[in-house]
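Trainee: The residues making up each chain are set out below.
Protein chains: 2
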Amino acid sequence: MKLLIATTNPGKLREMREVLTPLGFEVVSLESASRALPEPVEDAATFAGNARIKADAYARARGLTCVAEDSGIEVDALDGAPGVHSARYAGSAGVREERDRANNAKLLSALAQRGPVARDARFVCAICVADAAGQVLFETRATCEGVIAPELRGEGGFGYDPLLLVPELGLTMAQLSPEQKNARSHRGQATRALAAWLATYARQQAGTPRS
Amino acid sequence: MKLLIATTNPGKLREMREVLTPLGFEVVSLESASRALPEPVEDAATFAGNARIKADAYARARGLTCVAEDSGIEVDALDGAPGVHSARYAGSAGVREERDRANNAKLLSALAQRGPVARDARFVCAICVADAAGQVLFETRATCEGVIAPELRGEGGFGYDPLLLVPELGLTMAQLSPEQKNARSHRGQATRALAAWLATYARQQAGTPRS
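Protein chains in written order, with the working numbering: chain A, 44 to 254; chain B, 44 to 254.
It should be emphasised that the hints constitute simulated quantities derived from the structure, not laboratory data.
Be aware that a few hints might be false.
Only part of the chain A face toward chain B is listed, based on derived beta-carbon distances under 10 Å [what the hints assert, rightly or not]:
hint: 1; residue: Ala91
hint: 2; residue: Ala124
hint: 3; residue: Pro125
hint: 4; residue: Arg144
hint: 5; residue: Ala169
hint: 6; residue: Asp174
hint: 7; residue: Ala185
hint: 8; residue: Glu211
hint: 9; residue: Gly231
hint: 10; residue: Thr243
hint: 11; residue: Tyr244
hint: 12; residue: Gln247
Nothing here was measured: the structure is a model prediction, and the numbers come from that model.
Backbone N, C-alpha and C fix where the C-beta goes; we use that ideal spot for every residue, glycine too.
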């Protein structure tokens, strides 16, 4: 069956395709639509709320079951900021790499202004699946706990990866191999929970309940 | 590692134990505490909110990572009722079987009063995992879609199972074998997503990141 993936990020689309194709799903991207779909306003207060807004809007617009995700970083000493504003924390100008650099710089600067505080933080990923009528079938949310590094470290990953230090490893998420990162990342964890759910969903849609 | 399961329902505890023991977790029940734990007030507007309240409260009270769930039935023509009030929809008197009977009778009667309306409904299960500090590590929510049967059908299951008809099968959840029920139930789906997440969590707690 067809499954619409509500992302325009090629990296996230590839990750999803790798998980979903072996389960027998035909992955459909937003770009495959004959006309551009209206972009919903992601104005929820939580990652889960925004994932729900996207899954619902795109599922109904395309008439397909849709998987949407929303993710970002929460810093305790900044009262949870950047939170749902993570992607555009320092503005929406420039290409992705420029925005990442500006976001990371703004986060370090905001934290420095707080003085000597605990630097606990976490990546959060929320995933939502809605059917063609917009009914939410499944949701999941996972976190990756860490602390904000004193400065950018590592060349891998993207977004805030060079700033989230995994205390047990003494390395930032940008210093891990893709496999190490995926094993502990918020998105890796949420995607595995999604895959476990989708395996059942695929069987049901094929009309062969496991019994 | 130890994992506290925040339920007093022996059936749910057994289901969780079956999933979690093979993953290497030592399942701890609420009853195993040397003194009774203070019961948190489950006053959230959603199943996910109540699961979060329970996971947070019991995790901090016992100093253990805690898995909590909240579940129930939503009926569209009743504006989502009984919803978070499912367990005590018709009051909290009597043993479980008596409450089930009263709840099912009240639901049929409430729906009859609405006249000839669509009988769409769904079971919802939310699961939340919090660590000993009350930090939410993982959440998931799954549904099982159906319609309310004209009358009670089937002897299996519990709660509202005899009233939720699975249209594709023409049977209520109480008419399915335990395996068939588990394959499509809200709790079965959410538990499989939890198990997929816990497999990673177990590896991380053991200090052996998959790489």
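Trainee: A separate judgement is required for each hint: does it hold in the structure or not?
Mentor: Tested hints:
1. Checking Ala91 (chain A) against chain B by beta carbon gives a least distance of about 8 Å; that is within 10 Å, so the hint holds.
2. For Ala124 (chain A), the interface hint is violated, the least distance from its beta-carbon to any beta-carbon of chain B being 17 Å, above 10 Å.
3. The closest approach between the C-beta of Pro125 (chain A) and any C-beta of chain B is roughly 18 Å, which is over the 10 Å cut-off, so the hint fails.
4. At its closest, the beta carbon of Arg144 (chain A) sits 28 Å from a beta carbon of chain B; the interface hint therefore is violated under the 10 Å criterion.
5. For Ala169 (chain A), the interface hint holds, since its Cβ comes within 10 Å of a Cβ in chain B; the closest pair sits about 8 Å apart.
6. Annotation: Asp174 (chain A) was flagged as interfacial toward chain B, and the flag holds, the nearest CB pair being 8 Å apart, inside 10 Å.
7. This hint holds: Ala185 (chain A) has a C-beta 5 Å from the nearest C-beta of chain B, less than the 10 Å allowed.
8. About 7 Å separates the beta-carbon of Glu211 (chain A) from the nearest beta-carbon of chain B, less than 10 Å, and the hint is met.
9. Hint status for Gly231 (chain A): holds, given a least beta-carbon distance of 8 Å to chain B, under 10 Å.
10. Hint status for Thr243 (chain A) relative to chain B: holds, with the closest Cβ pair at about 6 Å, below 10 Å.
11. For Tyr244 (chain A), the interface hint holds, the least distance from its beta-carbon to any beta-carbon of chain B being 8 Å, beneath 10 Å.
12. Of the supplied interface hints, the one on Gln247 (chain A) holds, with its beta-carbon coming within about 6 Å of a beta-carbon of chain B, less than 10 Å.
Violated hints, listed in ascending order, are 2, 3, 4; each of the other numbered hints is respected by the structure.
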